[in-house]
Each structure stands twice: as structure tokens, then as C-alpha cells.
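Peer 1: Put the complex together from the two separate chains, hints included.
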Amino acid sequence: MKKNFGIFKGKNKTSAPRENQAWRNWCEAVLAQVRFQPDHPAIRQELMAHLEDSCADLERLGYDRDLAEQRALGAMGSASLVGSAMDRAHHPLWGWLWQATRILVLALAAAAVVTAFVVEVMPEMVRQTVSELQWEAPPEAAERVELKHATVYAAPGEVWKEDGHVKAEILLWVRQRDPLAAGSWPPTSWFTYRDSQGELSAYRRQAEDDAMPESRYWECKWAGPGGWTRFRETLELTLDAPPEWVEISYPADGEWTLRVDWGSEA
Amino acid sequence: MRRIRLNRKQKIVRNLLVCIVLGLVVYTMLGFPPYTVQGMLERMERKYLLPDLEPILADRVERKYSTGWFHEIDYDTYLLAKTADDTYIFTMYRRNFLRVRADYGRNPKIGRGTLCTAWDGTLYVAGPFRDAAAATAQVTAQRTTQYITSATGARETVKGETRTFTFQGEKQGDDLFAFRYRAEDHRPNGFGEVPDEECDLENAAYQWYRGYIVDLEEWRGYSVLHADLPVHVTLYGEDGAVLDTLDLTVDTYELHFHH
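Keeping their order, the protein sequence lines are chains X and V. Residues 5 to 270 (the working numbering) make up the first sequence, in order. Residues 102 to 360 (the working numbering) make up the second sequence, in order.
The shape of chain V in the complex, shown without the other chains (with noise of 0.2 Å):
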């Protein structure tokens, strides 16, 4: 058989569909991986079945960390977004190289009406708010301690002192207010404990809810518990009235945990 011998053009055009067919076959193979904001919306609507979301924040963030034999980065993208029917979800995708995972090491968040969450030392709490001109957020942490026996699966639940955090909230367009509640003096959890005087709501969420187990005698470490915290939001008008409370939750593990 003839071998057909192209020109430098055709090369190139031969060159481009093979690209083409490559590309679709490596997409295809990560699982048609978003890289825009866009794109993990449409994924969002798909997965969690809810149409035309818009964004409400889109936030990147970028991570580097070593693996022993290289140097990667993971760019985690937090992602708060709405239906026209007032559905709010909260989630986030990572992206490492060309590889995109959804809900990766933090579950997401689904609320109709409003959405409590929180990350990286802010809470965000979405809704309604085109008439709220201003917002305070009260989060109430109490001192939770689990004994757990292993061998019954029993538990015993311990709560001590209670504490309020009151924060003011910052508008972030006609949906959207942000409270940062991680202090200025901030001291990093996992480091040693921080004393009670000094602990801010991050410390807090994560110090004050401990689970033991009390029938291992080898085991003497303990973990750190789910709860739902309850969120006090207070709206304020233009001319400084009330309009309106909301009495929303937001996990300990949404307050404190960093990826």
C-alpha cells in the first residue's frame, strides 16, 4: 500500500485531531474534571440535582505540601452558590494538576432558605438579606465531653460552661453575610491547649468537645467531636430596626477544621 506523504500543513491539521481525540480521551478518563468556577457549577446542579445555580462566593485557595518525592500543590476552590428558589449549597473541589475532586475531606451543606457555614476562620451565612443593611451572629459553644465505653458502645455525655460569641457581620453582596470569628491573636489548635481566658470560637469548637474512651487502658488519646452549634443571626434594616432573626447551626468541624 502507498504510503500517503503530507505537507507541513496537513501535518499540523493531522496533528491538531490527534490532540483533539487525546484530549477527550485523558478528560474522559479524569471524569470530565472542572477548571472553572462555571464548570463546577454545572457539575453541582448535576450532582445535587438543582438547576441554574448562581455563585454567591467563590473562594481559591491555594495549598503546597510535600510528598516525600515531590512538591505538590492542591488548589481547593469553596464554593457557596443558589437556585432562584432560595436553595443555598455549600462545597468545595480540589484540584491537583489536571485532576478536579468534589466534596474532598468536607462533606457539603444544602439548606433552603439560608445556609450557615464556615471556613477558614469566617462564618458565612447566606439568604435573602437585600434589605439588611447590617447583621450580628451569636454562636454558643458549650463545654461537651463524651465517655465512651467500647465495649457496650454506651455513652455518657458531660456539658459544662456555656460561652457566646457575638460577632458583626460584613455584607457581602445581596445574599451573603461573612462574621470572622478567628481573633487577631488567634493561637493555632493542636499545638498545645489554649487556656480558656485566651480561647476564641475556633479554639473553642475545638477544645471543648472531647470524646474518651474510657475502657482501653492503652488507649489514652481522645477525639474530637461532631456538634452542632447554635447560630443566633440578628438583621438589621437601613434606619437600624430588626428586621428579622434567624436561628440557624454550624458544625464544630466547620469551625475549626483546616485541609
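The following block holds chain X by itself, in its conformation from the complex (with noise of 0.2 Å):
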């Protein structure tokens, strides 16, 4: 049983490694069955330092410095077994595998600052998830259609008269069921608006004299801001009467239609 003698005793707590050719040479018989090379300096270190405790450990109980590292290296066994116990402790492809893990965690790491920072993403993110907590869902009596991946709502809004005009707004809404579209608007703006009268224009030049309409077009009054999932829009209406609905439909001629009715009220 080894004594402590009252002094404190800890691994690589020990005086200066020693120049020991004997334990040099163990060493390397040990190191020469691990296959996996980068474990070696590490491997080393480790013995040594066995080597250096026993030693010292014997120096305490009176050996003298010679004897000490004989036995110190006697105890240590065969360095052929010791070494083959080393290498499946030390397998190349859990050792491998293992640095290949190291420098992938390092590289996403890299990847996230940089994204983070040079990409300036996160003010984008802090927006969008802001919206999508802000987000007012809409009215119950508000129509909408049920899509593969998103929902569409559209209600009535406020009809006023303005510049000999009617003004009217479509209040807009559109949840999607995942965020794999987040930062994209929905494509309102390919909707075809519809009244009694035929279609509505967008609000832009046209084709047939590049002036831009004067009344009976549509434009985006308001978007947004869109969340992760989240978006609502208003749309602004100038009309020649007030309006008792508007049909939207989508795409061009419609696969499907929301109809959104202001009634006689308007």
C-alpha cells in the first residue's frame, strides 16, 4: 500500500521531467501500435506523467533516483500490450470522426457569426418575429379560403368619398402553415380584383395609352410588416359609386375566389 506521508501527491505535480532514454523508448513502442497519429503527443504526456508519479512515489519510500525509474518502468508492463490497449482506446475512426465533428462544430459556429454579423440578418429576424407576436388575427366575419399551405382572409373596410372619387378598402390577410416562405409577400399584387363592373386596374401605367388610370384601379395602401408566418395588407379601392362587393380571384382567372361585401350600407 503506498504512503502519502502527509505530502500532496497529484498527477503532474512532480519535479521537471527527466531525460530518461529507457522511458523514451517505452514510449515509442507504446506509441508505435496506436494508429491514430494525432493522439500521440497527448499519449505520451500521459505516461510520462504515470512514469513520473510512480517515480517519485518510490523516491518518497527511499528508492534512490535510479532504482526509482527501473521499477517506475518494470511496473508499467509490456509496452506491447500496453500499446494495443492504447490503439482501441485511441481507435483512428472514432478518432477521426471525432476531429471531423471538432472542426464541423467550428465551421458552423464561424458560419453563424458571419451570418449574423456580415450578413446582417438579425434585425430582419427581431422585425419578423415581433410581427408575428403583433399580429392581429382577423375578424370573424371576415371570408377567406383554405389553401395546401396557407390561409387567405379578406374583409370589408372603411368606403369614403374623396376628390369626386369613392374610396374603399380590402383588408387582407394571409397566414401561412410554416415558415419555409418567410421574408417573401404574399403575391397579392397577381390577385385579380373584380366588381359589378368588370375588373379593377392596378394603380401603375397601361398598356393601351401608358397614362395611369384615373379611377376604377386598385392599389397596396399598406403591407405589413409581414411576421414568420403572418401578413396583412390593406388595399385601396377608387371607384366611380360605392361599392356592394369586389371579387378576388387568384390566379388570373381564378382557381379560387373570395368575395368581399360591403352590402347596400356603402
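Among the clues, some could well be false.
Claimed, not checked - Computed Cβ-Cβ distance ranges for the label pairs, DEER-style:
1. X/M129 to V/V119: 16 to 24 Å
2. V/A159 to X/A89: 54 to 62 Å
3. X/P127 to V/L344: 51 to 59 Å
Claimed, not checked - Keeping only pairs whose Cα atoms sit at most 25 Å apart, straight-line, the calculated BS3-like set for lysine-lysine is:
4. V/K272 to X/K152
5. X/K225 to X/K165
6. X/K225 to V/K210
Derived by calculation from the structure, the hints in this document are not laboratory data. The beta-carbon is built from N, C-alpha and C at its ideal position, and this holds for glycine as well.
Peer 2: Spelled out as C-alpha cells, the structure:
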């Protein structure tokens, strides 16, 4: 049984490493068995520390230095057996896999930092998250259409007179089922808007006369802010008479149609 | 607190878990970018509210350039797809390293029943063409000059000569005809005017549509106008008989614009 004699003893707490050729040869014989080269320095250091500790223990028991070194080496056993055990413990497959995962972690951490601070996505992510949380659900009375990836809602807004025309609002909501299209605005500008007198134009130069429309057109009045899955938009219609209803269809001639009804009150 | 010592296998598992978390963080920060055609179609379905898109054409183009500091490569994927009820959509995605942006520098195009678009010297007409064996396309360009008075916003448009370019189509599956409109001896736009007699459709779409600001002495340049060019497509059956005709349009920028 080893005696401590009240002196602190711990790994690597012994005196400075000594140059012992026999120890070094033994270590090299052990390492020759270990196929995973990157672990060689650490294994060598660990073996030398063991030898130093054993030697220091023996010296404390009264052995002289040379004898303590020999006995310490003898206690370590066969280099071949130790090497074989070390090779199993430091198998190249696990060794290289471990190294690969370390590099992958570093690469991904670097990518995360670059993405966050160089590509400057953080403000957009914060804005989207805030918008998602602040999104107000459409009223129960809103018309809606259930699509494969989203639900589209539409409801009538205010109607008022301005500059000899009638202005009317359409309120639109889109709720996506997953965030894969986050950051992409719903295609409301591709929707077709039609009332009892026909299709309304978008507020842009018209192909026929290269002029902006004076009436019977729609424009986006307010959009967003969009969240990860939720979007909100207000369209403003400019008409000649108060609207009774407007049908929204998409795409073009209508795979689906939503009807916004103001009734006779408008 | 005692530190938990992990063996090598446990460290590998821990590192892989950290990789998954970091990967999800990066992927989320990049906005869930698609790296495959299937992924792009799934994004298109959501973005354009179109269900069950099937690809008709996926063309990937590599573009190398220098930013002064770095040599970079963009990978542009042009996609033409359709829904089960014959709604067609054309769009493009640009990937730069890990980042993917949709409709970058080019507007998408959506059509019901048929769709006509163009890129890189080829006009594509998509539609239900199972019974058609051959097709021709006639695209008519008309010299259009617009004089703009910036002070009032007034525009005076002067129309000039017209020229109709005819192309033979190549069938690419049941839903697509491709018409190569870039001539063999095509002279690129932007390197001096191409004489009218040497103009192909790509040249005409660029240099026949010009806008000038007339009340700014210091402004000597011109703008290249957007215009919808009529495209008349004739479809032929196996026996050479005319099956159908289509009247479509294509924008001048679709015909001449290069990214």
C-alpha cells in the first residue's frame, strides 16, 4: 500500500520531467502500436506523467533515483500490451470522426457568426418575430379560403369620398402553415379584383395608353410588417360609385375566389 | 460542481448535436434557403400560393465575377413549373454560397393555361401541348421611341417600322416548346449599335425601344423601354395540320436582359 506521508501528490505535480532514454524508448514502443497519430503527443505526455508519479512515489519510499526509474518502468508492464490497449482506446475511426465533428462545429459556429453579423440578418429576424407576435387575427366575419400551404382572409374596410371618387378599403390577411416562405410577401399584387362593372386595374401605367388610370383601380395602401408566417395588407380601391362587393380571384381567372361584401350600406 | 468527463464516442455525439443546433440556427438566419429544385418548388408553392407544382424546366447557370476583393460565383436556377390545373409559373433563384434569393433581378411570371417567357436567347412557351408535334412562333417587334418631358411627366410615343421574326419550335416534353431566337452570328447588345439588317430579335428588343428625356440638357443618355411584344404561336399535329393558335406576349427585357 502506498504511503502519502502527508505530502500533496497529484498527477503532473512532480518535479520537472527527466530525460530517461529507457522511458522514451518504452513510450515510443507503445506509440508504435497506436494508429491514430494526432493522439500521440497526448498519450506520450500521459505515459510520462504516470512514470514520473510512480518514480516520485518510490523516491519518497527511500528508493534512489535510478532504481526508482527502473522500478517505475517495470511496473508499467509490456509496451506491446499497453500499446495494443491504447490503440483500442484511441481507435482511428473514432479519432478521425471526433476530429471531423470538431472542425464541423467550428465551421458552423463561424458560419453563424458571419451570418448574424456580416449578412446582417438579425434586425430582420427580430422584426419578423415582433410582427409575428403582434399580428392581429382577422375578424370572424372575414371571408376566407383554405389553401394547401396557407389561409387567405379578406374583409371589407372603410368607404369614403375623396376628390370626386369613392375610396374603399379591402383588408387582407395571409397565414402560412409553415415558415418556409418567411420574408416573401404573399402575391396579392397578382390577385384579380373585380366588381359588378368588371375588372379593376392596378395603379400603374396602362398598356393601352401609357397613362395612369384615373378611376376604377386598386393600389396597396399599407403592407405589413410581415412575420414568419403571418402577413397583413390593406388595399385601397378608387371607384366611381360605392362598392357593393368585390371578388378577389387567383391566379388570373381564378382557381379560387373570395368575395368581399359591403352590402347596401356602402 | 464536478465536471462530467466524456469519452470519445460521447464527445462525437455531443459535437453532432451541437452541429445540428448550429446548422438549424444558420439555416433559420438565412431564411430557410432551398438548395435543390424540389426545395425551390416547395418555396414557390408557398410564396405564390400555388399547390403541387411540377417542374417543366430547370436550367442552372453559373456566373463568375469579381467584387474587387473576392472572386465569387452565383448559381442561377431558372424554373418553369405548373400546377395540376394548368397554372404555369416561371421564376429564378440565385444562390451565392449558402444564401439563396428568389426572383433576384427578374420578376416572376404566372399564366393560366399557357405561359410565354424568355431567357438566354430562347423563347419558351409552356402549355398543354401533348398532341402538338411541332410549333412555330412569330414575334413582332416595332421600333418605339418615347420622348419624356420630366417637368410635366408627359410622354410622346412615336412608333416606327415593324419586323416579324419567325422561329421553329423544339418540343421539350408534353408541356413545352423552346424557340431559339439568338442568331448564330448574334452581336451582343451594349457594344455599339447593331445595323438594322443584322439585328436579331434580341438586338431589336434592346435597341428598338428607347426613351429620351427631352427637357434635360445635361442628360444625353436613353432608357431601354419595357414593352410587351406580341407572340403568335401556331401548333401543328403529327399530320402537319394546324391544331391551335395562341396569342401571347413577351416583355422586351425578358428577351434581351442578361444577369
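Peer 1: Which hints from the list above does the structure break, by number from lowest to highest?
Peer 2: 4
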